[in-house]
Amino acid sequence: MAIVKMKKVTVVAMAEDKQSVLDDLMWLSAVDVSPLSEKLEDENLASLVSTDSVSQSVDDINGKISILSQALKTYRQYSKEKRSFFTPYQVLNRSDFEAFPDKEEKLLSNAGNSLRASSELNTTKSEENRIDVLFQRLLPWKTLPFRLNEPVSDKADYFFGSIPVKTDISSVTEGVIDEESGEKAAAWTGVLSKDKEYSYNLVICLAGQEKQLVTALSDIGFSKISFPDLNGTVEQNLEILAERKEELADKREVLLKQIARYSEDLSEAEKAIDILSNNARLTGVREKLLNTQSAFILQGWTPEDRVDEVGALLEKYGAFFCAEDPLDEDEPPIKLKNAKIIQPFEPVTEMFALPTYRGLDPNFMVAPFYFLFFGMMLSDAGYGLLLAIGGFLILKFTNIRGSMRNMVKMFAICGISTVVWGFLFGTFFGDAVGVIASTFFGSSLTLPPLWFDPVNDPITLLIVSFVVGFIHILVGLGLKMFMLIRDGHYFSAIFDVGCWMLLLIGIPVVLFSTPVGIALIAVGAVGLILTQGRDKKGILGKIIGGVGSLYGITGYMSDILSYSRILALGLSAGVIGSVFNKLGSLGGANIIGVILFIVIFAVGHLLNLALSTLGAYVHASRLQFIEFFSKFYESGGRKFDEFGIQLKYTELGQ
Amino acid sequence: MFLTFLTSGMPSSVGGQVPQAVEAASEAIGSNAFAFLESGLFWGFLGAALCALLAFIGSARGVNIAGEAAAGLVTEDPSMFGKIVIIENLPATQAIYGLLIAFVAVSKLGLFAPELSEVTLLQGALLFLACMPMGIVGLISAIYQGRTAAATISILTKNPNETSKCILITAMVETFAIFALLISFLLVNFIIK
Chain U
1 MAIVKMKKVT
11 VVAMAEDKQS
21 VLDDLMWLSA
31 VDVSPLSEKL
41 EDENLASLVS
51 TDSVSQSVDD
61 INGKISILSQ
71 ALKTYRQYSK
81 EKRSFFTPYQ
91 VLNRSDFEAF
101 PDKEEKLLSN
111 AGNSLRASSE
121 LNTTKSEENR
131 IDVLFQRLLP
141 WKTLPFRLNE
151 PVSDKADYFF
161 GSIPVKTDIS
171 SVTEGVIDEE
181 SGEKAAAWTG
191 VLSKDKEYSY
201 NLVICLAGQE
211 KQLVTALSDI
221 GFSKISFPDL
231 NGTVEQNLEI
241 LAERKEELAD
251 KREVLLKQIA
261 RYSEDLSEAE
271 KAIDILSNNA
281 RLTGVREKLL
291 NTQSAFILQG
301 WTPEDRVDEV
311 GALLEKYGAF
321 FCAEDPLDED
331 EPPIKLKNAK
341 IIQPFEPVTE
351 MFALPTYRGL
361 DPNFMVAPFY
371 FLFFGMMLSD
381 AGYGLLLAIG
391 GFLILKFTNI
401 RGSMRNMVKM
411 FAICGISTVV
421 WGFLFGTFFG
431 DAVGVIASTF
441 FGSSLTLPPL
451 WFDPVNDPIT
461 LLIVSFVVGF
471 IHILVGLGLK
481 MFMLIRDGHY
491 FSAIFDVGCW
501 MLLLIGIPVV
511 LFSTPVGIAL
521 IAVGAVGLIL
531 TQGRDKKGIL
541 GKIIGGVGSL
551 YGITGYMSDI
561 LSYSRILALG
571 LSAGVIGSVF
581 NKLGSLGGAN
591 IIGVILFIVI
601 FAVGHLLNLA
611 LSTLGAYVHA
621 SRLQFIEFFS
631 KFYESGGRKF
641 DEFGIQLKYT
651 ELGQ
Chain L
1 MFLTFLTSGM
11 PSSVGGQVPQ
21 AVEAASEAIG
31 SNAFAFLESG
41 LFWGFLGAAL
51 CALLAFIGSA
61 RGVNIAGEAA
71 AGLVTEDPSM
81 FGKIVIIENL
91 PATQAIYGLL
101 IAFVAVSKLG
111 LFAPELSEVT
121 LLQGALLFLA
131 CMPMGIVGLI
141 SAIYQGRTAA
151 ATISILTKNP
161 NETSKCILIT
171 AMVETFAIFA
181 LLISFLLVNF
191 IIK
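First to last, the sequence lines map onto chains U and L. Be aware that the first sequence starts at 1, since it is given in the working numbering, and climbs by one per residue. Be aware that the second sequence starts at 1, since it is given in the working numbering, and climbs by one per residue.
Any given hint could be a false lead.
[Stated by the list, open to error] With a straight-line cut-off of 25 Å between C-alpha atoms, the simulated BS3-like cross-links for lysine-lysine are:
1) Lys165(L) to Lys582(U)
2) Lys639(U) to Lys193(L)
3) Lys245(U) to Lys257(U)
4) Lys409(U) to Lys193(L)
5) Lys409(U) to Lys396(U)
6) Lys335(U) to Lys193(L)
[Stated by the list, open to error] Every beta carbon over 12 Å from chain U, so not counted as near; a handful from chain L, in silico:
7) Asn32
8) Leu37
9) Leu50
10) Leu53
11) Asn64
12) Thr75
13) Ile86
14) Ala92
15) Val104
16) Leu122
17) Tyr144
18) Lys165
19) Ala177
[As the list claims (entries may be wrong)] Per label pair, the in silico range of CB-to-CB distance:
20) Tyr490(U) to Lys193(L): 52 to 60 Å
21) Ile136(L) to Asp219(U): 16 to 24 Å
22) Pro160(L) to Gly588(U): 30 to 38 Å
In short, the hints are calculated from the structure, not lab data. All of these numbers come straight from a predicted model, not from anything done at the bench. Just so you know, even glycine gets a beta-carbon here, dropped at the ideal spot from N, CA and C.
Use the sequences and the hints to build the structure in full.
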């Protein structure tokens, strides 16, 4: 339960050892390297030392990573190896890093080729689509006897188009009058083909009359179709297109085979990306160092218990090494260290903000209360079992790691709390036991609550929620007091925090022993009135400040009332579960009823589990952040970001 | 004239919807067509229906507002879908709470029992009032929560890893729907034992 103590380490080593010192430090993963470049602002120093300019080489490496990452997407799509949550990570060893430069060129050229092939594949596919569409559009005109975009003869022209199948166009063409000559337009019409909706018509007319005919025809739904880019007859065009289609299909097959062959690189590419991104870090860190002509300086933070390892490593190189305690003006990075059972709850605190180095790691108190609140809010033994068993199975059989793994662990642990509260309140998938027993077996069996049933007795749970919340807030004040005493602010500890604690404790005590309670409240209130105005000027100001501070009681009241959400969420989880049971049981005790029940039960409870778990997660967090942390928490630390191997697709070998 | 029209039309049209409720109500009707207003059951069912109705409308709008923002982000980065869909659905809880209160209210009125309960006018009117916090707060808070969700989705466009913070910010609005749920539940629970 603590924030790990840090030492500030300074290393001075020979320039020729730089690469190997940094490499070893990266594999040790124990130092958070601080950038020293700001020291260059000092002109005297700037004339003596310099930093490496590495952005060019880092960019080079990142360029390679981006090519490989893009290729990886293609590989995943076409490779026979599939990646899922159940695939174990590949093992990456230090020897892989050393052997990598030999493989790099091959991998990169394969990646580039596969990207080119896949982009060509896309072009081929879209070309195939285009041809398909054109083919379909041409097909109705297969029997057109003329060459496209050429007149029939000097005097005759033709056009064609589609029209809804029931319309007869010959009656319209006969009525068209030629504007120039004033005579009837001469037109011959014929149907080339038909489908369900349209008939496909050819119209042969005198040259120059096309426009008028088209205008007249379009009134009855005729739409003229033309293929301006094509020559020759439709049949010839169809043949060419069919040939082209076959060519493209062959090309596609070839490309797919090529890509599939490149995709065998999948594992190697994953390894390569991890190796390259660590190389980028290894190169990038040099920017944080200072160089003299023959030596370099590195400064950073190391957890106290790992200082010796760092020292031993550097001794090999005969480097200068010292580890100092942080000065008052230093802000060391934060690394939390908690018992195994507390650790899964760390992300909750981290989501809010890390503590300051001289503050307090609240996780040892966040964990038990989170556990308690989550269980009370979800409060269903069935859901708790699903969470705990499901979480355990996920941890056991999938490859999730890092913060997701912690999260799953936390839900699994909270599942246990949920089971306990579920039995205390007598809920197992809502009132499933009672509903199943009475609907299908006609018995009056129910799951009796070990404590009480909140649906029948919500006020008791409301009071329990307030009591738990009250304790939570007192613990928060207690932590504040602890921090003040630890830092030597005894006066503040007694009056700013102690008086409030007395006053707050007095309120429930009144219910049991009125004089004692009133005495506690009075002592607390008088203490506050006398001390809380101490920063104000003048007697009047001090008194007003003191009395005014009592207004803070409203804050505590609203904090405590906020814990009523425990009741509300607990009820909503239980009652919604029961609603689904009720709906499911409406089918009665027959085969259809049983099937209906199973379906509604499964879908409904899954939905309720998801919603209620999200609700419990969010609101148990909120109670920590707003009601609890506001009492004592000093946040704002920077996370300890050690210079070490980081892997995305692989895991380190032993 | 207008009144006669109402008196002839009203009972039969309502009777088509909720036969039992109106049967109970129509005993008291006699010649007065508005007598169903004096039925406790009428007010109780009206409260339950409004509670569900308002909360459902609110959630629909809330999820819609969040969904529009979500669609924008998913267009840019389809891999965010899993995270986004959680945030998009946060304003859906009000509908569930509305359903919950409506369900508790109608079971208090005996909808799932062999016979409808005996409910006085006062009890019915109180039940109506008891449903209102959840209905009205559900309607409004879901819409506001939808807007908050849309705003947090724009956080995600810049910082894809801050999902849990976005969920928390959005869930803060829900606090008030939870309080409404709580007060409605307590009221509904105590009006008819």
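For each hint, the structure was consulted:
no.	hint	in the structure
1	Lys165(L) to Lys582(U)	36 Å, violated
2	Lys639(U) to Lys193(L)	55 Å, violated
3	Lys245(U) to Lys257(U)	18 Å, holds
4	Lys409(U) to Lys193(L)	42 Å, violated
5	Lys409(U) to Lys396(U)	11 Å, holds
6	Lys335(U) to Lys193(L)	55 Å, violated
7	Asn32	36 Å, holds
8	Leu37	29 Å, holds
9	Leu50	18 Å, holds
10	Leu53	17 Å, holds
11	Asn64	19 Å, holds
12	Thr75	18 Å, holds
13	Ile86	7 Å, violated
14	Ala92	8 Å, violated
15	Val104	7 Å, violated
16	Leu122	22 Å, holds
17	Tyr144	16 Å, holds
18	Lys165	6 Å, violated
19	Ala177	9 Å, violated
20	Tyr490(U) to Lys193(L): 52 to 60 Å	55 Å, holds
21	Ile136(L) to Asp219(U): 16 to 24 Å	57 Å, violated
22	Pro160(L) to Gly588(U): 30 to 38 Å	50 Å, violated
In summary, the numbered hints that this structure violates are 1, 2, 4, 6, 13, 14, 15, 18, 19, 21 and 22.
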